[in-house]
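Chemist: Next come the chains, spelled out residue by residue.
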Amino acid sequence: MLKFALKRFLGAWPTLLIMIAIAFFMIRVAPGGPFDSERKLPPEIEARMLQAYHLDEPLYQQFGRYLAGLLKGDFGPSFQYKEYSVSELVMAGFPVSLRLGGLAMLLALVVGVSAGTIAALRQNTRTDYAVMAVSMTGISIPNFVMAPLLILFFAVFLGWLPAGGLGDGSAANLVLPVISLALPQIAYISRLTRGSMIEVLHSNFIRTARAKGLPERLVILRHAIKPALLPVVSYLGPATAAIITGSVVIEQIFGVPGLGRFFVQGALNRDYTLVLGVVIFYGVLIIVFNFFVDMIYALLDPRVKY
Amino acid sequence: MAAVNPVSSSAVEGRSLWVDARRRLMRNRAAVVASVILISMTLAVIVGPWLVPFDYDFTDWSNIAVPPDLASGHLFGTDSLGRDLLMRTLYGGRISLLVGLVATLVSLLIGIAYGAIAGYVGGRVDHLMMRIVDILYAMPFMFFVILLMVLFGRNIVLIFVAIGAINWLDMARIVRGQTLSLKRKEFIEAAEALGTPTLAIIRRHIVPNLLGVVVVYVTLTIPQVILVESFLSFLGLGVQEPMTSWGALVNDGAQEMESAPWLLIFPAVFLAATLFCFNFIGDGLRDALDPKDR
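If you read the protein sequences in the order shown, they are chains R and P.
Okay, so the first sequence: first residue is 698 according to this note's numbering, each after it adds one.
Okay, so the second sequence: first residue is 274 according to this note's numbering, each after it adds one.
Next comes chain P alone, as it looks inside the complex:
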């Protein structure tokens, strides 16, 4: 840091894709507001459990299934086992946000690399790679999860892997579809004419131009992943009681929506708010990353 690199300081600062994108993202008001909300939500989920006086599996025998109430200290009320809903919502948020981020990241990385290579290289490679995707689509997902569980035991990382492993298929197909159309464009031809190596073309020219559609699809993958987790939990393959997740809480709440609506409303609001934030951040990112839109 002390020795000034003469080359980089004297050269004109190139605007990298990411620096540029960040500046443009900061100008998008909806995306900034959504980011602030999402960051606060994440902080609440991480720090919040230390501030709530009830444990997530603690049964308050004098307050079973009570509606939200200041006097009893249960701000979100309690469920039919007398457990504090606020605490459970915060704990559930930890699981759901983590599943959403990790599984989406897995599907993002595999999906982009796989789809871009298949689409760009084309021909026999594309044919083979896409038939493998077809085969994976048809695999009985539940048996896949059961098998993973038998082989590696039940743990949360496994759920991430399993969910990520099915979600990259859609991403790969979408990325490939876009690549097929992109690779005939003039700037790709120019790069090919200059003798740019294949991988460099994919990395420098194909992928940045795909990001718009990819970001939009990511904002659709996050809710999907969070809900698949709740489906797995419902089947007894995901997070286990007394641990919980937003999907599981919403699922439980939906069973009692007429007798104890707060059990549905609070977790559902947290879940929906998070998904809306991701959605607006995604749109902002899409605008910011669009290389044509300057």
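Just chain R, same shape as in the assembly:
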């Protein structure tokens, strides 16, 4: 196990380097630049700006300069938000996205696994169809429709919850965005849980556990749930990385200053450093979470060996 962890730790660095390199050159090859605007800049001013950001140097030199900066923990200045560095922007947005996304994932995990297990235990009955139909609404009705509907009902019609913004950061402000973020995840997790739980319930070791008279509750909790969670865990790695780095749709609808908007805005504005910054940030999360996922496989299923 320790050897495996060490190998993965060493393997992470070249992965990260290739990630950065591909992203860096891909962004540069795409047409358009950070200072393109409706009104053309006078050529001498544009030249000065390119020079100030070292964009006039050959690409490989810029790449070297960027990597050297990274080693010192410097992600460069943002081209769009000129007063801020990329690190400042990311560090301002991340805590917000982490809180919303983390809570949403926790909620989705609890609700999704329970719903999936209940549905699997009552396979092909009315309960099963009802539970699955409800959980499917999370992806059948897109986020950008569901969120306004929730606002309309709970904030405007009932007046129970604030319609948007973080306000003073109290729990009431988080409820609607967290639910909107969690709904699609509930659909994924419950469907995956149901499918694999049904499969596990047909295995020999479950039949044995039942045959020796173990109460059904213990059969599920002690024997069935662990292997049944395997596909959920596979899904959870990348999904968690995605959800805690924010969702541009939810942030826009609820007026939350998270990280998600930088992914889209950065790309549309050709804010090279900002895009690279969020890509690297997200990439590190992917690498870390997928490492944990692989460790969890071995914990959930003793057959898994590396």
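Be a bit skeptical, because a hint or two may be false.
[Stated by the list, open to error] Capping the alpha-carbon separation at 25 Å, the derived lysine-lysine pairs in DSS-like fashion look like this:
| id | chain 1 | residue 1 | chain 2 | residue 2 |
| --- | --- | --- | --- | --- |
| 1 | R | Lys1002 | R | Lys704 |
| 2 | R | Lys1002 | R | Lys909 |
| 3 | P | Lys458 | R | Lys909 |
| 4 | P | Lys458 | R | Lys1002 |
| 5 | R | Lys769 | R | Lys779 |
| 6 | P | Lys458 | R | Lys923 |
| 7 | R | Lys779 | R | Lys737 |
| 8 | R | Lys923 | R | Lys909 |
| 9 | R | Lys700 | R | Lys1002 |
Simulated from the structure, these hints should not be mistaken for laboratory data.
Given chain R, put chain P in place with the hints provided.
Modeler: What follows is chain P alone, placed relative to chain R:
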């Protein structure tokens, strides 16, 4: 066909995975009903546009933004440009169903092959293959789409490829996770002991036992793909006006949900109904393909 093959006719008919699965699927009532609805929906989307008297980009100046109405002939009403919503919903369905099927198929084929090989072969190969997946996960998706568009021009096939190309990553990781656990099972050991070649083991023993989870994930990929398409259209990278898709219609409808709710309701109902059907067919298929459940 005329000459009877003595071998196949005299041998006991083996029940292949697929024949068996089809028979069991036909016994699942929810799946059959869902299939019927889905097939009718597909037919409606293909044939329907010939039956509606308005073109999808035709502006009816005397009926701008009218609610559903029999008298004017706009059964689903019209949008703010006076275009018939029924016709647009049918046309949008063509795009959305096609995107859903093609992109899902792409992600399915690549994802299963990649994940099963990485998981089964294991070791250094697995490590390398999964690090490549990690790298692809972190790629800025929008730049990828923009680049494809620059290189090949704007066309619908490209959207399929782009969406399929990102969606196989999840599939590959899930398939690999299942394979890691599967490959230690007794029947795989038995196959290995018999000297079955690696690819044959993957094809005959690993993949059929993965299909349950895969089918469930496919039913989750289809809605995702349809919505990614609408996101791309929204950014101006997907289908372009006056052409449309269900995702794009729902997106437009959501902007006016209070003043003209029918613009949201009709396309949303079509989209949701389709996804529910896929869901129940998926569950039926999962049951039918489960090799343990006989």
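Chemist: Next step is simple, just say for each hint if it's right about the structure.
Modeler: Outcome of the hint check:
1. R:Lys1002 <-> R:Lys704: holds (14 Å)
2. R:Lys1002 <-> R:Lys909: Cα-Cα ~29 Å, so violated.
3. P:Lys458 <-> R:Lys909: The given pair, whose Cα atoms are some 23 Å apart, holds under the 25 Å limit.
4. P:Lys458 <-> R:Lys1002: holds (12 Å)
5. R:Lys769 <-> R:Lys779: holds (21 Å)
6. P:Lys458 <-> R:Lys923: Holds - the C-alpha atoms of Lys923 of chain R and Lys458 of chain P are around 16 Å apart, at most 25 Å.
7. R:Lys779 <-> R:Lys737: holds (19 Å)
8. R:Lys923 <-> R:Lys909: Holds, at roughly 20 Å.
9. R:Lys700 <-> R:Lys1002: holds (12 Å)
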